[in-house]
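Trainee: Sequence:
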Amino acid sequence: MTDADLRDDEFHKLTFYVQRNIRYHMRRSAFFTRWSRVSSFVGVFFGSAAAVTFFVAMVENSEKIAALLAAIVALVSAIELVVGVTQRAWLHNDLRRRFLDIEEKMQANPLMPMRSINELKACIRRIEADEPPTMEALELMVRNEVIVSMYEYEDRSIYYIPLPWWVKLTAHWIHWDVSKAEPEPIQKAQCA
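Using our numbering, read the sequence shown as starting at 1 and increasing by one per residue.
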């Protein structure tokens, strides 16, 4: 392998890695932003006297309904506070932006020498130091997205690792063990 081939290979690996991290942090930021909005809505709506009055007027056993609504508001607010949903959204948005800065440098100089590639890798290590623990299933999902966006169909089937729907659905909440997941032959509709 020539030096140019080695450089091209390293540049490709770095591009893939940066793309995956941009998508990962974009998804995490969007998830926490949605969570924050839903919890704010629940707090404002179900915490308001008008909503409680409406539900109490519509249902018998109104004391139980009022208590249930108060408990829901308290639970959602506690989760919001303890998890730090808004702060997590901002953290992931900041991490995404930092990876976008690296991608911009790479696109500005696609023939950069190995020294520049190594400098970008050092920048990435500093970003990784600020990252919270990774949700492995979500990371695998965005890895598949990058594979679909960067590779031709024939190459996709070598690397694409499908996940069950329930893992995809809960990827933001559960730390799934995907270490044994392996590529499977895919159909065109699955990765298009």
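The set of hints was computed from the structure by calculation and includes no laboratory data.
For glycine and all other residues, C-beta sits at the position ideal for the given N, C-alpha and C.
One or more of the hints may lead you astray.
Said to hold, decoys possible - Computed Cβ-Cβ distance ranges for the label pairs, DEER-style:
#1 Lys180 to Ala71: 38 to 46 angstroms
#2 Ile65 to Arg125: 47 to 55 angstroms
#3 Ala74 to Pro133: 54 to 62 angstroms
#4 His175 to Glu152: 31 to 39 angstroms
Claimed, not checked - Computed list of lysine to any residue pairs in SDA-like fashion (alpha-carbon distance at most 25 angstroms, straight line):
#5 Lys121 to Asp101
#6 Lys121 to Arg27
#7 Lys13 to Arg143
#8 Lys13 to Thr86
Trainee: Does each hint hold? Answer for all of them.
Mentor: Going through the hints against the structure:
| no. | hint | result |
| --- | --- | --- |
| 1 | Lys180 to Ala71: 38 to 46 angstroms | holds, 40 angstroms |
| 2 | Ile65 to Arg125: 47 to 55 angstroms | holds, 53 angstroms |
| 3 | Ala74 to Pro133: 54 to 62 angstroms | violated, 28 angstroms |
| 4 | His175 to Glu152: 31 to 39 angstroms | holds, 33 angstroms |
| 5 | Lys121 to Asp101 | holds, 13 angstroms |
| 6 | Lys121 to Arg27 | holds, 23 angstroms |
| 7 | Lys13 to Arg143 | holds, 12 angstroms |
| 8 | Lys13 to Thr86 | violated, 32 angstroms |
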